[in-house]
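Novice: Sequences and hints are given; from them, build the entire structure.
Per our numbering, residue 123 is the first one in the sequence shown, and the count goes up by one each step.
Simulated from the structure, these hints should not be mistaken for laboratory data.
Treat the hints with caution; some may be incorrect.
Taking lysine-lysine and the DSS-like style, the derived pairs with C-alpha atoms no more than 27 angstroms apart in a straight line are [stated by the list, open to error]: (1) K226 - K149; (2) K264 - K331; (3) K217 - K308; (4) K334 - K376; (5) K125 - K334; (6) K171 - K288; (7) K308 - K249; (8) K217 - K125; (9) K348 - K404; (10) K288 - K149; (11) K263 - K217; (12) K246 - K263; (13) K172 - K217; (14) K369 - K246; (15) K264 - K308; (16) K149 - K308; (17) K369 - K139; (18) K149 - K125; (19) K376 - K263; (20) K171 - K308; (21) K246 - K376; (22) K369 - K331; (23) K263 - K149.
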Amino acid sequence: MPKIPLSVIVLTYNEEKNIETCLGSLKDWASEIIVVDSGSTDNTVNLAKKFTENIYNHPFENYSAQRNWALQNIAISNDWIMNIDADHEVSQTLKDEVVAHFAKGFSDNIKGFMASRKTMFLGKWVKRGGHYPIYHGVIFKKGFGYCEDKLYDQHFVIEGESIILKGDIIDTITDTLTNFTERHNKWSTLEAIDAINLTAQQDGTNTIKPDKNGNPMEQRRYMRLKYYSMPIFWRSISYFLYRYFFKLGFLDGKQGLIFHFLQGFWFRFLVDAKIFEENLKKGKKD
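Specialist: Laid out in structure tokens, this is it:
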């Protein structure tokens, strides 16, 4: 496969189980691979050296700050930039599709590409419950993209029109349920803070704008605002019922039951509980 003028940035921290799969899905078609490590204590960096010499170390503050630091401080060789996580893998379909676009060319008004993630959970693809497809900005032209300033669930803002790709980013989201629940407990705190500050985020200039008629990311952000306008606690219950029954999540089998319950109800209920707790501290009533 011919290499295209694309620089791929991968953030790492103790990713020795995933890094070879991730970088292996990039080496044959992306002309530059950049790894930004935040002090791994395992074999991540040594394994990454098999694929690239462009390895940087920068202290981790949060994902948004780390991603934007890389964009602003690294001498990136190409005009087109891709960002993926270390536990992600680029599917062959997506590779072929992006290479084809670069080979045939595209309009100057195109500033980015969007793709969906294909979530793998306990060895099974979770494709129902409204969880697929969910599009993210994965590639953008230098100067026309950045990571929005959020504590949790940050996405890349693309300033301009985007091509929606049919291929997927394969996202293996957990190795054990223990890690899954521990990470989501931590993330629920960050999501609660973001939800409390939702009005300020909505008015900001560095986040994805909610628009029910916009691109898939803008539509999803609009739905997030609608979700948080619903009564606390009832919204998490309603969301799970919507995902599991109305959006046919039950067809994802036993893995789907675990995933949709933990990610679609338990996590969302925990966020609401932490919002409630914070409001109690501030003397606010729901």
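Novice: Of all the hints given earlier, name the ones this structure violates by number, lowest first.
Specialist: 3, 4, 5, 6, 12, 15, 16, 17, 19, 20
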